[in-house]
Amino acid sequence: MYRVAAIGDRDSIYGFAAVGIEIFPTDSSDEAGRLLHRLSINDYAVIYITEELASSIEDVLDEYKDRAVPIIVPIPGLSGNTGMGMKSVSKSVERAVGSDIIS
Amino acid sequence: MAIINVNPTRMELTNLKRRLVTARRGHRLLKDKRDELMRRFLELVRENKSLRRQVEESIRGANAHMAISRSLMQREVLDVALLSPKQHMEIDVEQDNVMSVMIPKFKTKFSSSNENDIYFYGYAFTSGDLDTAVKGFHDILPEMLRLAEVEKSCQLMAAEIEKTRRRVNALEHVMIPQYEETIRFITMKLDESERSATTRLMKIKDKMLAEAHNYAV
Numbered sequence: 001m002y003r004v005a006a007i008g009d010r011d012s013i014y015g016f017a018a019v020g021i022e023i024f025p026t027d028s029s030d031e032a033g034r035l036l037h038r039l040s041i042n043d044y045a046v047i048y049i050t051e052e053l054a055s056s057i058e059d060v061l062d063e064y065k066d067r068a069v070p071i072i073v074p075i076p077g078l079s080g081n082t083g084m085g086m087k088s089v090s091k092s093v094e095r096a097v098g099s100d101i102i103s
Numbered sequence: 001m002a003i004i005n006v007n008p009t010r011m012e013l014t015n016l017k018r019r020l021v022t023a024r025r026g027h028r029l030l031k032d033k034r035d036e037l038m039r040r041f042l043e044l045v046r047e048n049k050s051l052r053r054q055v056e057e058s059i060r061g062a063n064a065h066m067a068i069s070r071s072l073m074q075r076e077v078l079d080v081a082l083l084s085p086k087q088h089m090e091i092d093v094e095q096d097n098v099m100s101v102m103i104p105k106f107k108t109k110f111s112s113s114n115e116n117d118i119y120f121y122g123y124a125f126t127s128g129d130l131d132t133a134v135k136g137f138h139d140i141l142p143e144m145l146r147l148a149e150v151e152k153s154c155q156l157m158a159a160e161i162e163k164t165r166r167r168v169n170a171l172e173h174v175m176i177p178q179y180e181e182t183i184r185f186i187t188m189k190l191d192e193s194e195r196s197a198t199t200r201l202m203k204i205k206d207k208m209l210a211e212a213h214n215y216a217v
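Note that the protein sequences, when read in sequence, are chains H and A.
Take the first sequence: its position 94, counting from 1, is numbered 94 in the numbering used here, and each next residue is one higher.
Take the second sequence: its position 66, counting from 1, is numbered 66 in the numbering used here, and each next residue is one higher.
For the record, the hints were derived by calculation from the structure and aren't laboratory data.
What you are looking at is a predicted structure, and each value in this text was computed from that prediction instead of being measured.
Keep in mind that the hints are not guaranteed to be accurate.
[Claimed, not checked] Sample of chain H residues with no beta-carbon within 12 Å of chain A, all distances over it, derived:
#1 Glu22
#2 Thr26
#3 Asp27
#4 Ser29
#5 Asp30
#6 Glu31
#7 Gly33
#8 Leu35
#9 His37
#10 Arg38
#11 Ile41
#12 Ser55
#13 Ser56
#14 Ile57
#15 Val60
#16 Ser90
[Claimed, not checked] Cross-link-like lysine-lysine pairs, in silico, DSBU-like; alpha carbons within 30 Å at most:
#17 A:Lys31 / A:Lys135
#18 H:Lys65 / A:Lys33
#19 A:Lys105 / H:Lys65
#20 A:Lys31 / H:Lys91
#21 A:Lys86 / A:Lys109
#22 H:Lys65 / H:Lys91
#23 A:Lys105 / A:Lys163
#24 A:Lys49 / A:Lys135
#25 A:Lys107 / A:Lys17
#26 A:Lys107 / A:Lys33
#27 H:Lys91 / A:Lys107
#28 H:Lys91 / A:Lys189
#29 A:Lys31 / A:Lys17
#30 H:Lys91 / A:Lys33
#31 H:Lys87 / A:Lys105
#32 A:Lys135 / A:Lys163
#33 A:Lys107 / H:Lys65
#34 A:Lys31 / H:Lys65
#35 H:Lys87 / A:Lys135
#36 A:Lys17 / A:Lys189
#37 A:Lys33 / A:Lys105
#38 H:Lys65 / A:Lys163
#39 H:Lys65 / A:Lys205
Even for Gly, the Cβ is constructed at its ideal location relative to N, Cα and C.
Bound conformation, chain H alone:
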């Protein structure tokens, strides 16, 4: 059985605790990278991470891209939407097709 986690600044992810997602509040990108690694070997299948934090550790996220689990999904935080999630979708389109044909 896998679990679901959320990483991000406290205020952004606190609400997820109520619906059954385990929360791991952090502000620093180093800490987030370590957390990701720990969660990935501890049976967390889905990890939601705030876009703000995700964009600071993009190279770490790329390591998990070709693996089946964990699935790392950027979500907008309290501070707003950076458009990083959408950009990553466009990136995979670009990877597959050669150029972003769905925009």
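Once you've looked at the hints, dock chain A against the given chain H.
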């Protein structure tokens, strides 16, 4: 296009012809695989985009309520309220094989079936906006999980499409022309040596006839 460095023998020729047939068949199969993958990928990506838009919208809404509740309540009170949630979620990840790409499929299980368990805190000291925020998160949860599924599938498929496309191109533009070229080269070489053998025989015949009948050629 460079030819492969082989001995121009009949055996090599048969081998090469066989490999060419295999390469052509592989090329056709891979091309079909690529096209089908692409079709599914584009479907998924469209779903991915609309899901993401929806999820981001809802989270933003819920977050707004969260911000209000945070400003209305003392930090400690809110922290205590959300300290020990009743609801726990577990998911089972199954893998679905789509054109040799293993895409994830979730089965969600909640520790408590009572939907109201998402409001696990006391209402006396919490703001109503917290309830709205939690409800917002709860409502978008299925979409969020689906988004995780779809987004991962898209990433995995994109990687597979890239790989398949490279293979198709390598077969189409390198391997198959190379085989064809080499086969032509060997055929010409063999024809050439056959012709030279024939002329040599004719020459020898002439010489033998000349010797037998004593006349100059």
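query: Checking the smallest CB distance to chain A, is Gly33 of chain H really beyond 12 Å?
result: holds (19 Å)
field: Lys31 of chain A paired with Lys135 of chain A [C-alpha distance capped at 30 Å]
entry: violated (47 Å)
- prompt: Are all beta-carbon distances from Ile57 of chain H to chain A longer than 12 Å?
  reply: Holds, since 17 Å exceeds 12 Å.
- prompt: Does His37 of chain H really sit off the interface, with its C-beta more than 12 Å from all C-beta atoms of chain A?
  reply: holds (18 Å)
query: CA of Lys31 of chain A to CA of Lys65 of chain H, is that 30 Å or under?
result: With a Cα-Cα distance of about 25 Å, the restraint between Lys31 of chain A and Lys65 of chain H holds, given a limit of 30 Å.
Assertion that Ser55 of chain H lies outside the chain A interface [Cβ separation over 12 Å]: Non-interface label stands for Ser55 of chain H: nearest chain A Cβ at 15 Å, farther than 12 Å.
message: Hinted pair, alpha-carbon criterion (30 Å max): Lys65 of chain H, Lys91 of chain H. Please report holds or violated.
response: holds (12 Å)
query: Can the restraint linking Lys105 of chain A and Lys65 of chain H be considered satisfied, given a maximum Cα separation of 30 Å?
result: Distance of about 17 Å is within 30 Å: holds.
task: Examine each Cβ of chain A, and state whether all of them lie more than 12 Å from the Cβ of Ser90 of chain H.
output: The claim breaks: Ser90 of chain H does not keep its Cβ more than 12 Å from every Cβ of chain A (closest is about 9 Å).
field: Proposed proximity, Lys33 of chain A with Lys107 of chain A (alpha carbon, max 30 Å)
entry: holds (28 Å)
query: Does the structure keep Lys65 of chain H and Lys163 of chain A at a Cα separation of 30 Å or less?
result: holds (15 Å)
- prompt: Between Lys31 of chain A and Lys91 of chain H, is the straight-line Cα distance small enough, at 30 Å or below?
  reply: holds (23 Å)
The structure fails to meet hints 1, 16, 17, 25, 28, 32, 39 from the earlier list, while all remaining hints are met.
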